[in-house]
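Those sequence lines, one after another, are chains C and A.
Residue 1 is where the first sequence starts when you use the working numbering, and the numbers rise one by one after that.
Residue 1001 is where the second sequence starts when you use the working numbering, and the numbers rise one by one after that.
Treat the hints as calculated values from the structure; they're not laboratory data.
Take these hints with a grain of salt, some might be off.
To be verified - When the alpha-carbon atoms are kept at most 25 Å apart in a straight line, the in silico BS3-like pairs for lysine-lysine are as follows:
{"hint": "1", "chain 1": "A", "residue 1": "LYS1133", "chain 2": "A", "residue 2": "LYS1119"}
{"hint": "2", "chain 1": "A", "residue 1": "LYS1234", "chain 2": "A", "residue 2": "LYS1018"}
{"hint": "3", "chain 1": "C", "residue 1": "LYS38", "chain 2": "A", "residue 2": "LYS1133"}
{"hint": "4", "chain 1": "C", "residue 1": "LYS3", "chain 2": "A", "residue 2": "LYS1014"}
{"hint": "5", "chain 1": "A", "residue 1": "LYS1133", "chain 2": "C", "residue 2": "LYS46"}
{"hint": "6", "chain 1": "A", "residue 1": "LYS1119", "chain 2": "C", "residue 2": "LYS38"}
{"hint": "7", "chain 1": "A", "residue 1": "LYS1018", "chain 2": "A", "residue 2": "LYS1006"}
To be verified - Residues from chain A that face chain C, not an exhaustive set, calculated with beta carbons under 8 Å:
{"hint": "8", "residue": "ILE1048"}
{"hint": "9", "residue": "LEU1050"}
{"hint": "10", "residue": "ARG1074"}
{"hint": "11", "residue": "VAL1082"}
{"hint": "12", "residue": "GLY1086"}
{"hint": "13", "residue": "ALA1088"}
Quick caveat: nothing in here was measured; it's all calculated off a predicted structure.
Note that the Cβ used here is the ideal one computed from N, Cα and C, for glycine as well.
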Amino acid sequence: MVKQTLDIVLNPLATLGRYSRLLFHAFGAVAELSIYRKNLWEQMVKSGVDSIPIVCMAAGFSGAVSTVQTAYQLVTPLIPRSTIGAIVVPSMILELGAVVTGFILAGRVGARIAAELGTMRVTEQIDALESMGLNSIGYLIVPRVLAGIIMFPVLYVAACFVGIGSGMLIGDLGGFVPAEEFLVGAREFFQPFDPIFGVIKSIVFGFLITSISCFKGYYTQGGAEGVGRSTTQAAVASCVFLLLADLVLAATLL
Amino acid sequence: MISVTKVNKSFNDKHVLKDVSVDIPEGETIAIIGRSGSGKSVLMKHLIGLLSPDSGTVTVDGIDINAITYAELRRVRRNFGVLFQGGALFDSMNSFENVAFPLRTFTEMGEPEIEDVVKRCLAMVELEDVGAKLPSELSGGMQKRVALARAVALQPRYIIYDEPTSGLDPETSNTIDELIRNLADQLNVTSIVVTHDMHSVLNIADRAAFIYEGRMHWTGTIDELHRSDDQVLKAFVTANEYKIGLS
Ligand SMILES: Nc1ncnc2c1ncn2[C@@H]1O[C@H](COP(=O)(O)OP(=O)(O)OP(=O)(O)O)[C@@H](O)[C@H]1O
Ligand SMILES: [Mg+2]
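I would like the entire structure built from these sequences, with the hints used as guidance.
Rendered as structure tokens:
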């Protein structure tokens, strides 16, 4: 009983310890990045460029839905229709842009990273890298995490543009609010800090998703089944910590 | 020279290596033999610091590899070529790129020169034509031979082979045995061959080290192996001879 209680407390702590140690080693290997430049480029393409279509699609739909719902909730003619823009645009910039991107990438990028590294672990490819005298953390993890930190803000910005654009388009075509009025509302309530906050958020999300997935994949145990387990855990843990970080950032920065 | 001294290693509650000691002098070919699950691969991973012992020491050229920094360990590892039991080819690269990888990473060679070396290495394992193929497009035995080509590409001083001939047909096994012997003779490399194939052992090894239930049960030259009347060792060797007799 005491042991079980202790385990519940100590296991997450031990995991956190191993995660921090991995990050620490990764940080130490950043100096050798010039050797791993090719990997960084490859990862930026795989995690970033290749994710553009799905991220844009998801952002497009959430922007459109936001407009329709906001219009639906503003039934009284006393409120000017430009309010729709004033609500949709900041919510896209502050919350939806980063979170939608984050969720999509937790599934797409996080799962891929964990499966890749997990397979490399159980088939001894990581041992092979190490045995050659390469720093496997530097070679495998640093490029993936850096690519996340660099590419997530880019994807976030793309998501915002597409989301706002589609919200405006649906508003106009659906007869909820003309595009000009949508923009008037958006401008009226625009806060310069909002996009900065969004970019900070997307950097944090990018770091969390890639580093958690690398951690899960790198320490995979137990053959093909273990790879499956790591992949699921990476996607789930990424989403959970993304939500937590979302709350913490909103509470501290806004 | 590699010295393993009184190494113990457990995984969770499973005591895999028990007080294992073995010396591997420069230029020698030593076969590490033992039954499946006896701890051969675990021992081999200790030689390059992929696993560290719970107690005991492993020294390479007089350096205790568990008492040095990671950067220093990586320098020690550059002296090694390792063939892993499953090949461990990088599955995102084709065969050519796999063999070229250590050359591109650790040498200043230009592409034409790298191409020469890779072709020569692939020819050594009789796989000149598979350069463009991905590991997933090769049979298990072919993967292993490409991995062997990769392990020797940098002409390391120490080569560790984990079951180089398992899963190969007898004819290819003989080719690989010959290759291992040639490398040992020509380049004066120190070879550590993990195997349970007695046929290979007799073909290539100067000395054998027999692991039994996690202990270094017996070590000696091949002559001594023939003459030994150790029951456990004999049982292991005879079981193998029976298999050789059949095939
Ligand atoms: N990372 C690990 N975690 C837990 N147990 C392990 C680990 N690696 C090896 N073992 C255990 O150690 C024992 C010895 O394994 P090892 O791979 O060294 O056997 P082996 O002698 O190489 O066998 P084979 O000839 O089949 O390759 C096995 O019982 C294995 O289950
Ligand atoms: Mg083995």
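Taking the hints in turn, this is what the structure says about them:
no.: 1; hint: LYS1133/A x LYS1119/A; verdict: holds, 14 Å
no.: 2; hint: LYS1234/A x LYS1018/A; verdict: holds, 21 Å
no.: 3; hint: LYS38/C x LYS1133/A; verdict: holds, 22 Å
no.: 4; hint: LYS3/C x LYS1014/A; verdict: holds, 21 Å
no.: 5; hint: LYS1133/A x LYS46/C; verdict: holds, 22 Å
no.: 6; hint: LYS1119/A x LYS38/C; verdict: holds, 24 Å
no.: 7; hint: LYS1018/A x LYS1006/A; verdict: holds, 8 Å
no.: 8; hint: ILE1048; verdict: holds, 5 Å
no.: 9; hint: LEU1050; verdict: holds, 5 Å
no.: 10; hint: ARG1074; verdict: holds, 4 Å
no.: 11; hint: VAL1082; verdict: holds, 4 Å
no.: 12; hint: GLY1086; verdict: holds, 6 Å
no.: 13; hint: ALA1088; verdict: holds, 4 Å
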